[in-house]
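Asker: Sequence:
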Amino acid sequence: MNAIETLTQHLVPATLVVARVSGLAIHGPVLSSPAIPMRIKALLVAALGLAIYPSVAAGATLPSEISLTTALPLIALELGIGAFIGFMASMPLLAAQFGGLSMGQQIGLGFARFYNPTIGEESDAMEQVFYFLALATFLSLGGLESMVSCIVSSFDSLPAGAVPAMLIGEHESSPLAIVTGAITAAFEMGLRVAAPLLAIVCLETVVMGYLSKSVPQLNIMSVGFPLRIVAGLCVILASLAAIDEVMVDGTSGAIEALLISTGAPL
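Start counting the sequence shown at -7; every next residue gets the next number (this note's numbering).
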């Protein structure tokens, strides 16, 4: 077998492996950031996919001869699987971002929104701060390495080029069940992050409402707005340790659930 035949034999399966890894650049932490140039993303994805391919090809039977009409849906399927794994890995970051957004809106920082190139959309200062705190937690807990490990292990349960029964099943390991559980956990984490501030803001609203009835001459808008910002920032500073514990628990739980769902070693 000459070199051309060898390359032709490995072209299709290697493309499918790279396509699955490319899904991480669609919706995965760090790799999907708009701040990373597209060429750098393409090089990283290609290098990572080609590095993974030998280990995948050694333990699985990959399709080597398929037509173009069959290849395009398979590539789209592989992209979807990779994007699904990346989306699941990014849930703790989205949860922390949701918590920061809730805080910023409640203390009035939602008016000062600006474009954040890291996430490719507008965000306020509090939302951005908690997103980067969650990202630092994710990286410190080995989330990026775990995400790549999940991609590698996914080829055992979801072979490249095969439509697994899991994708259309309704059992507990189906994507719908996994996504539902992850979204529920993310909302819980986001509310736990924002809970101290939300409680204080609720109390401050009740107090200011009582003062507005007791002292009608008091300008609630001129007093309540700066008071809410100062009180909110003080509460956030005082509860940073508890918020960090919530982020660590939520992120480690999400990483562990992702590893278990793909069969990767813990």
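Keep in mind that the hints are not guaranteed to be accurate.
[Stated by the list, open to error] Now the in silico label distances, taken between C-beta atoms and shown as ranges:
#1 Phe103 <-> His2: 30 to 36 Å
#2 Leu203 <-> Gly134: 49 to 55 Å
#3 Ala234 <-> Gly100: 38 to 44 Å
#4 Ala223 <-> Gly255: 31 to 37 Å
#5 Gly134 <-> Leu183: 24 to 30 Å
#6 Ala128 <-> Gly100: 33 to 39 Å
#7 Arg31 <-> Leu136: 18 to 24 Å
#8 Ile212 <-> Gly173: 41 to 47 Å
#9 Leu42 <-> Glu248: 25 to 31 Å
#10 Glu137 <-> Lys205: 20 to 26 Å
Hints are computed from structural coordinates only; laboratory data are not their basis. Using N, Cα and C, we set each Cβ at its ideal position, and we do this for glycine too.
Asker: What are the numbers of the hints that this structure violates, sorted from low to high?
Answerer: 1, 3, 4, 6 and 10
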